[in-house]
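Engineer: Given next are the chains, with one letter for each unit.
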Amino acid sequence: METYTPKERLARALTGQTVDRMPAVSFTQTATVEQMDACGSSWPEANEDAQKMATLAEAGHTLVGFEAVRVPFDITAEAEFFGCTIKAGTKEQQPSVVGHIVKDMSDIEKLKEYDIDQGRIAVVCSAIKILADKYGKELPIMGSMLGPFSLAQHMNGDEWFMAIMTDEAFGHALMELTTDFNIAYAKKMAQNGADTMVIIDPTASAELIGDEFYEKFVVPAHKKIVDAMREEGVTTVLHICGDTTSGLNLMESSGVDAISVDQSVDFVTAVGKVNKAVIVGNLDPVNVLWNKTPEVVKEASKKVLDTNSGILAPGCGIVSKTPTKNLQAMVEMAKGHTY
Amino acid sequence: MEESEIISGLTNAVVNGKKDQAVELAQKALDEGVDPYKAVIDGLAKGMEIMGDKYDKKQAFMPHLLMASNAMYGGMDVLTPHLKLESGERRAVLVIGSAEGDVHDIGKNLVKTMMSAVGFEAIDLGKDVPINSFTEAAVEHKADVISVSTLMTSTMDNMEKIVKSFTEKGIRDKVKIIVGGAPITPDYAAEIGADTSKPDAMEAAHWAKEIVKELPKDRWN
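From first to last, the protein sequence lines stand for chains A and B. Under our numbering, residues 1 to 339 are what the first sequence spells out, in order. Under our numbering, residues 340 to 560 are what the second sequence spells out, in order.
So here's chain B without its partners, still in its complex pose (with noise of 0.2 Å):
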């Protein structure tokens, strides 16, 4: 199987949904000696970007876009063990979760995937994550980018108390901070202190991705 036709295969199966055609494409991937990175970035990750960019259109939607998810998780657990950087280089870090008080994730869910198919490399601390869990993964894995999602109206001051924690650990000009969910606004995330929200989960890994290149590199020595 030529390179272009296993990357372009690993693309359609993401955009089709179709996990164990993913996994299988992964591992043909490996055989025949494609670079694993390109096979995320070039394969899998532009899948799920031609996903959400449907989604944005409106010619996908929610379930086509977890069977997408799904698909994608499938090839990059095959090959993220993997993944050669070039020394000194490395992933950019999301430390992702749902507000304490806030058992909802499917939205969260959904910015994970899209940062992850821009690159980052997803520390998930799940839902109804306690508010100094954010700063204590931040500081263990040297995060680039922290990501607080709330459904709930109820639980959007403990949104404001995380990234407070940040200001008082002394660590908030380290990391980058957006916040988002269904009563969040762009001026809310102002009011708390975040560095933005943004409408849905494409928009913020775009928005990340270049963020990013603001923080300086030695930030965490």
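Next comes chain A alone, as it looks inside the complex (with noise of 0.2 Å):
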């Protein structure tokens, strides 16, 4: 059979087509301490430079050896970039949103106008563009955004789950301006050289907000990012926490092409649930690979490649402290397998 460079064979690979093997990559976060120590970029600089944001990213491939770099490593820059209030992160722990934004309508407009080319978002961009000169011709660069189900909870607090069931005006209006910040910033992203891009939509999850609200709120933002990326050329993967096996129908309508499965979800249950989506995932980030040896890291591997099917990664964000040998077990076994 043919052979692929990275780049081909993820975009074959997501998109369904035949490839030589599985790719290794992971569709959530990779920065680890052990890697800034060796690049010797860390966070929380790394989140806020752009050189040092690629250099840590590119560790993820020269020193752990996933077959991609992606960007960035937090979810905080979308909410961030609003004005919402940001607790800073560490060495080891990303940065967090505290402070909300959006109480009513009015706040809304307030938002309405703004410069994509601002803010820690731009950062993450350049970071895009300095990855994509480097590798852009054999590895896949990936992007990654908070999705607009969570940002529009970050900007509004824990409000934001009892808005959507008592304000459907002001839920729908929030979405539309976090769904077009998301297109915008996406693009951004595709112009600068990402042709991957991961949607991190965490509360966004059928399982916290049951079918119906999904289906109102969530679907149709998703599906609109999804079509832009389609025209950019980039492909989709939608990363949402938890048990969402009995919510993968309504994720894949949205069009992603693959869906990121975390732990709690059983990966041959999950694969049989979708028709077209590739299911990827979903190596226990701490249980397996935190805590555990390289050889549990097989044996877990295992389970997801018997399925012959999706692409095996990380459940979720990799922890910080992960050691390498672990990761790397991760990669080997990806590499190993042909479908």
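Since the hints were derived computationally from the structure, they do not count as laboratory data. One or more hints might be untrue.
[Claimed, not checked] Quick list of the computed label-pair ranges, beta carbon to beta carbon:
#1 B:L369 <-> A:E113: 34 to 44 Å
#2 A:D133 <-> B:E475: 47 to 57 Å
#3 B:T419 <-> A:K103: 23 to 33 Å
#4 B:K500 <-> A:K276: 42 to 52 Å
#5 A:A169 <-> B:L369: 31 to 41 Å
#6 B:K508 <-> A:E232: 55 to 65 Å
#7 B:Q398 <-> A:K112: 44 to 54 Å
#8 A:G65 <-> B:Q398: 41 to 51 Å
#9 B:K377 <-> A:D306: 54 to 64 Å
#10 B:E507 <-> A:R12: 50 to 60 Å
#11 A:E232 <-> B:Q366: 21 to 31 Å
#12 A:G99 <-> B:H480: 21 to 31 Å
The model shown is predicted, which means the values in this text are computed figures rather than measured ones. Using N, Cα and C, we set each Cβ at its ideal position, and we do this for glycine too.
With the hints as a guide, bring the two chains together.
Structural biologist: Below, the structure is given as structure tokens:
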């Protein structure tokens, strides 16, 4: 069988075409303390500076062996862009959103004018450019962003879960703001060289909000983003945490190429639930990748590989203290698998 | 209004997430001389239990649960100051918070709600809670159950430090400790010396309600 560059291989695998073997990638964040120490670029600085961000992303390829480079490492730049207060991260911990800025319709109106070239999202776009210039011919260049529902929750706070029930007009207005922003940001990443877009929308879980709200608020928003990316020739991966088994059909109805599932999902069941979408995942980042040995990682990988479907990957963001040798064990297992 | 009507009205107000209705009926319960304890347990808390059960069965979701929780607290704010306990009897005390470094609290708040619904007096330390605050609050309030949450893998170490701080202070056997959150498993709970971890808020509350019976009553004296 023909061999492919990692870039071609991932694009083919995500769109259901035949490949020579499984790509070895992580769709969720890749940075670890061991990589930071080795490459000289660490959190939190690597979250703020394009060159440092690119250097740390590159370490995922050069030190671990992932056949892709991916930025950023956190999911707060989007809320920060709109003015939410952020609790700074450390070398081991990502930043978090602590302050919310949207209370009502008038707040939404005030946020409609923005310059996409500002703030940390512009840093992410620059990092993508640096990585694409260096690796763009060979490797997949992955951009990731917080999805529109979770961004709305960051902006509105926990009130958001009630707002979608009690004030539908407000709910749709905020979703429109966040979705339009997501599209503009994702397009900018694509123009800078991203070829794979990971939409991380953890609070949009159907397990949390139920099918009815998911269908009403989340599916149309994801569909718009996916359509916009398809026009740019960019593949899409949707990551939602938790047991999403019963929501997979709805997730797929947005048209995403692949769905990333976490360790609470049974991989075989998930594969059987979707029509076309590629299931990726779902090694436990804590109880396998971080706290166990390469042998355990290989055992857990086998369970995914035995389905002879989808792509082996971490089930959620890699924990910063994860040993490189555990990640390499996963990479080795993926590389060794032919479908 | 009949007592039974008020009680079932309180339950319905919580189930339907109607805070105004819960507040109004709680006041009515007081006016009509309904035992406030009964109004809380058989009325409000029962509604919350029903919602917790529906959540388990995927018939209700976070939006419904938060509306119900709001309604329950609305009613409890009216009734709690009037709760009279038998002499010598006290409500079991829960000290709850999100581990230091973690600013998420929606899961923690749901646990607090369900624990309140099964009768605990909840001391809520909030989110991003300094490690030593848990032992301090436990001593001050003569706690029965300690509940620590984290959603983030990066703060799991702090969870372990919190459990250890109870051992270091020599009060580990005076409390039962439950830990929870997305990355937390029962194995991890056992590993760090906590008593348990449960998959959701309702199971956590049912466990806590039973386990406090194992604690000697005079242990804080």
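Engineer: Which of the listed hints are not met by the structure?
Structural biologist: Violated: hints 1, 7 and 11.
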